[in-house]
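Undergrad: Residue strings, one per chain:
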Amino acid sequence: MHHRVKVVVNGVPRELTVEARASLLDVLRERLRLTGTKKGCNQGACGACTVHVGGRRVLACLTLAVQCQGKEVVTIEGLADMGETLHPMQAAFVAADGFQCGYCTPGQIMSAVALLTEGHGGSDAEIREWMSGNLCRCGAYNGILAAIKTVRDAAGHPDRGR
Amino acid sequence: MREVAYLTAPDADAAIAALSAHDNAMLLAGGTNVVDYLRIGVISPSVLIDISAVPLTGIQAGEESFTAGGLARMSDVAAHPGVRGFFPVVSQALELSASAQLRNMATMGGNLMQRTRCGYFREPGFACNKRNPGSGCAARDGLNRWHAVLGGSSHCVATHASDLAVALVALDATLELQGPAGARMVALSDFYRLPGDTPQLENDLQPAEMIVAISAAAAPGAPGSHYLKVRERASYEFAVVSVAAVVHAPGGIIEAPRIAFGGVGTVPWRDHAAEQALTGVVAADSAALRSAAEAALAGAEPLTHNGFKVELGRRALVRAVQLAAGVR
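As given, the protein sequences belong to chains A and B, one line each in that order. With our numbering applied, the first sequence corresponds to residues 1 to 162, in that order. With our numbering applied, the second sequence corresponds to residues 163 to 490, in that order.
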């Protein structure tokens, strides 16, 4: 059985016909060709598919697309809305070597942006704890931590000096 | 993933009506457990009834009591100032569970209904009485380091996976269930069933019932309560052993403690024998506490690989009780 789903993806209203069993992850990648969101474990254990739904970070592999009716979804492709200009978190990951192979990076960045919005960017230990849902098998964790702190400490961020 | 029908329920009445009207229907809320197990073929409902928009998401917590709607998200409950201030064991159990992303998705009711993470339950290639009644238990003679030392049977030794349930059992929490015949209250400690020879029956939820609310009254010591979780990595992992400690210690002497263990039992394990042994002990006296802890986890029956959980559980108990009693 197919279901009509209206969803706003990266600011663009979309109307899709999906099977109930289709995950948001598969619909993003296979239907909308937004392949920036990565399929890692496909069982909620790695965080590579982290996206924002309704302003909160969630796992796209464990979200059915049909459950996104009327919601706003933001993926790594929608993070920077200034053409070729990177989002500050993307730029900080590049500057701090926050990745090696890059496969987990879109999920790391989506999670990192949400972490600062949530107010969990205090100590190094707090950042590591609240980023623990994003695994990096290359072990780029020190660079990821440095990137998040760079953005946190940039002028104007609400978490500055916490 | 096999095909499945899908419908949405705007409120609890609609969800219960839909559950009653369809064979082999299952509720879907945050999806963190259902979608995973659906994908790998561990569960096979014909119909998913999406209750994620049911507005039972209220949270109230203060000096007197704690209440959360069945559809409140784990992250929202954990961050609620009243929960943090007056029932920290609940906040801690929630924030030591899963990851930030999963806690944003998963609901309180769903957390309490989650299935075991026993590796043999997950793998349709192995015998499992919980997944396929009568097929046997691959864990009893398999790799059982992560399995239960208490409450098991020859049919099943899978641990209950929820941290939240351990904290709530220590608080004597109550569930409000709603079904075709109306609402009823059940103590969480009576809700979960030991596996016995029917490990596929995990709780007292009746056909077409759902959890609409979870509540607990304040207990002495609740504002200082503590959840200690021992894992094989620092974060984002299920418990090897965990302890929920609600300890009232006027003048430093333990009075009416409430203790529950996770990671050791087939259900969240309230330990009345440990509570009795701890009563009257000076919280700062580590040797006396250690000696009282010998009464904990009585009747444990370790399997080949998990005997260490008994000693680990008793040591964790000492630390959890001291943290809850304010001993640093």
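Hints in this document: simulated from the structure, not taken from any laboratory. Please note: incorrect hints may appear among the correct ones.
[As the list claims (entries may be wrong)] Partner residues are not named here, just some residues of chain B that face chain A (Cβ under 10 Å, in silico):
no., residue
1, His184
2, Met188
3, Leu190
4, Gly192
5, Val197
6, Leu200
7, Ile202
8, Ser214
9, Ala262
10, Gln263
11, Glu399
Quick caveat, the model's predicted, so the values are computed rather than measured. Built from N, CA and C at the ideal position, the CB exists for glycine as well.
Undergrad: With reference to the structure, classify each hint as holding or not holding.
TA: The hints, checked one at a time:
no.: 1; hint: His184; verdict: violated (13 Å)
no.: 2; hint: Met188; verdict: violated (12 Å)
no.: 3; hint: Leu190; verdict: holds (8 Å)
no.: 4; hint: Gly192; verdict: holds (8 Å)
no.: 5; hint: Val197; verdict: holds (5 Å)
no.: 6; hint: Leu200; verdict: holds (7 Å)
no.: 7; hint: Ile202; verdict: holds (7 Å)
no.: 8; hint: Ser214; verdict: holds (6 Å)
no.: 9; hint: Ala262; verdict: holds (5 Å)
no.: 10; hint: Gln263; verdict: holds (5 Å)
no.: 11; hint: Glu399; verdict: holds (9 Å)
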